[in-house]
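Residue numbers (this note's numbering), protein chains in the order written: chain A, 1 to 415; chain B, 416 to 594.
Hints in this document: simulated from the structure, not taken from any laboratory.
Just so it is clear, the structure is predicted and the values come from calculations on it, not from any experiment.
Think of the CB as a built atom: it goes at the ideal place given N, C-alpha and C, for glycine as much as any other residue.
Treat each hint with caution, since some may be false.
Stated by the list, open to error - Selected chain B positions facing chain A (Cβ under 8 angstroms, derived; list incomplete):
1) P441
2) F444
3) N461
4) D554
Unchecked claim - Okay, derived cross-link-like pairs now, DSSO-like style, lysine-lysine, Cα gap no bigger than 27 angstroms in a straight line:
5) A:K311 / A:K233
6) A:K42 / B:K460
7) A:K233 / A:K381
8) B:K419 / A:K363
9) A:K163 / A:K280
10) A:K84 / A:K329
11) A:K363 / B:K588
12) B:K588 / A:K46
13) B:K419 / B:K460
14) A:K42 / B:K449
Stated by the list, open to error - Covered stretches of chain A, going by a simulated chain B footprint (3 or more residues, C-beta under 8 angstroms):
15) 158 to 166
16) 279 to 290
17) 327 to 335
18) 350 to 362
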Amino acid sequence: MSKGYTGEIIRQHADGRQEGNYIAVHVDRVLVHDPALALLIKDFEKLGTPIWDPGRVLLTVDHFAPPSTVERANLVRQVLEFSKQAGLTHTQVYQGICHQLFVEGTGVVPGGLVVGSDSHTTTAGALGCLATGMASTDILYTLVTGNTWLCPPDAVRVNLSGKMPDSVMGKDIILYLLGRSGEGGYLGNALEFYDHSAHIGMDDRLAICNMVVEGGAKNGLFYPDEITAAYLKNRDGAVETGVWDTLSVPKYKKEETIDISFLEPQIALPHSPANGVPVKDAVGEKVNQVFIGSCTGGRFRDLEMAAQILKGRRVHDTVRLMASPASQKIYRQAIEKGYIQILVDAGAVILNPSCGPCGGIDKGILAAGDVCLSTSNRNFKGRLGDPAARTFLCSPLTAAAGAVQGVITDPRDFL
Amino acid sequence: MPLKNTITGRAWVLGDNVNTDDLHPPSFFSMDSKRMKEGIVAGMKNLNASEEEEIDTQGLIIVAGDNFGCGSSRETSVRALIASGVQGVIARSFARIFYRSLVNLALLPLVCRTIQAVVQPGDTLTLFPQEQKIRIGNDRFFDTDPMDLHFHRILESGGLIGYLRREMSVESKEHGRGI
Ligand code: SF4
């Protein structure tokens, strides 16, 4: 056995059926978003079966939020009608990005098993659960049965030791790891992070787990610790421990260790999230769009760090800066703390919490020749607009520094 | 519905780490199959498969390298391949969500590690899923990896919805007997 904590979670959720290497498991929560559900409505109509447990489903309208074309407006309408007919009780419209709303609500807890209709469902693993992404038809199966089929993955343990420098964020850690492993370097594996000194904050952990899928991983999780407990206490008023505190140390296929005290700010060059290099190797490249947002880089700490650099400064006159809080809750908190004011004063355009520019869906689409610095998770060719545009991925600190200078800049120049 | 015995098509050859945004740019997300198909043509141009104005996607078999279909889980990428008449997909390795979607929608995926070194764009390929073989032209054969029993059963059911229907009918029969 080399299946880590993930294998243990699968074992605890198994319903006794096995086919080949796949075992049927029951799931605790399901996440589904507007475009994924839109694809399924006809299939649901044909099947004519109810949803297994409407109270365990989070439906978000976050991709077409609000819709930018007539076709999308119709899809959103169909999705909302479906939600009503199916009796879904947790439907959130334009409240934020699905992966953020999933961990803001109750139900995603350590030791749990959750699936979502989106590759970045891995994000929720930061809370110490098995969280993995599926495509629409797999989600239909889960919505009808409450089950899915999983093959227990080989697990890789990643020990994070040392103190995180002020210029480094979760984003830098994951870009470094992906740069080292390559795209597909963890194909099909579980990545299990162990924060030795328990000081990587939850927002950074969420950013790390968000991007494990860029290395091909099935899931990524953080060992639950006092940071997890504090997060749950704040969210639910109580801590659900799940399986983790009774568990003996699981076995791993491989162990890796990163001393994060030596880590420098990282940046992924176009057109792969696994093209990570130290920012200092890319400084000077001209930038004309900066995006601070998405399910990777639009959380409270992301806005806080961006505001730290933008305070009292102006965005360079050749740059357009867009910032989008990952949820309404984060938006409100950032207003209360004055970060939104700082961003607006610096010249940023604030977008509503939604996917927007991250997936090239709407707002801030790139033209041929544009160069974008983005705190999101993918810089694939053509994803954010014209295939002849180029996108670099980085932390909100690096993004804010670049927005001020108009060129890629090491954030340590500002700290 | 048993697996087809043979599938024939023309090779569309791709490299490593081709992601779903490359294959089907996100701006082509649509429920309209015409628009979906246009996305595949845009993807082909994007991937430099062809500069021609008229691209015939009917009857293609994709031959890709490692980690094929990484990135977004948008199922439209697979639905668009089917709508475009793509017959099968071969890769050295697949990204897991993409692989599951191919099986779920019953577009045959095969893992083969050797064909990439010899295949040429446009080669005539014949897939023998039961025998776990691929043929180029008339006489060059390549082995494919065995498929997991679970995925085999889904493909035999014509996809995951067929598999689900089977499960539901077994369940209702068992339930009926119980009463
Ligand atoms: S923010 Fe981007 S990566 Fe995250 S769910 Fe939305 S489109 Fe996907």
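Hints and how they fare:
{"no.": "1", "hint": "P441", "verdict": "5 angstroms, holds"}
{"no.": "2", "hint": "F444", "verdict": "6 angstroms, holds"}
{"no.": "3", "hint": "N461", "verdict": "5 angstroms, holds"}
{"no.": "4", "hint": "D554", "verdict": "32 angstroms, violated"}
{"no.": "5", "hint": "A:K311 / A:K233", "verdict": "32 angstroms, violated"}
{"no.": "6", "hint": "A:K42 / B:K460", "verdict": "31 angstroms, violated"}
{"no.": "7", "hint": "A:K233 / A:K381", "verdict": "41 angstroms, violated"}
{"no.": "8", "hint": "B:K419 / A:K363", "verdict": "45 angstroms, violated"}
{"no.": "9", "hint": "A:K163 / A:K280", "verdict": "21 angstroms, holds"}
{"no.": "10", "hint": "A:K84 / A:K329", "verdict": "24 angstroms, holds"}
{"no.": "11", "hint": "A:K363 / B:K588", "verdict": "52 angstroms, violated"}
{"no.": "12", "hint": "B:K588 / A:K46", "verdict": "20 angstroms, holds"}
{"no.": "13", "hint": "B:K419 / B:K460", "verdict": "31 angstroms, violated"}
{"no.": "14", "hint": "A:K42 / B:K449", "verdict": "18 angstroms, holds"}
{"no.": "15", "hint": "158 to 166", "verdict": "violated (count 0)"}
{"no.": "16", "hint": "279 to 290", "verdict": "violated (count 0)"}
{"no.": "17", "hint": "327 to 335", "verdict": "violated (count 0)"}
{"no.": "18", "hint": "350 to 362", "verdict": "holds (count 3)"}
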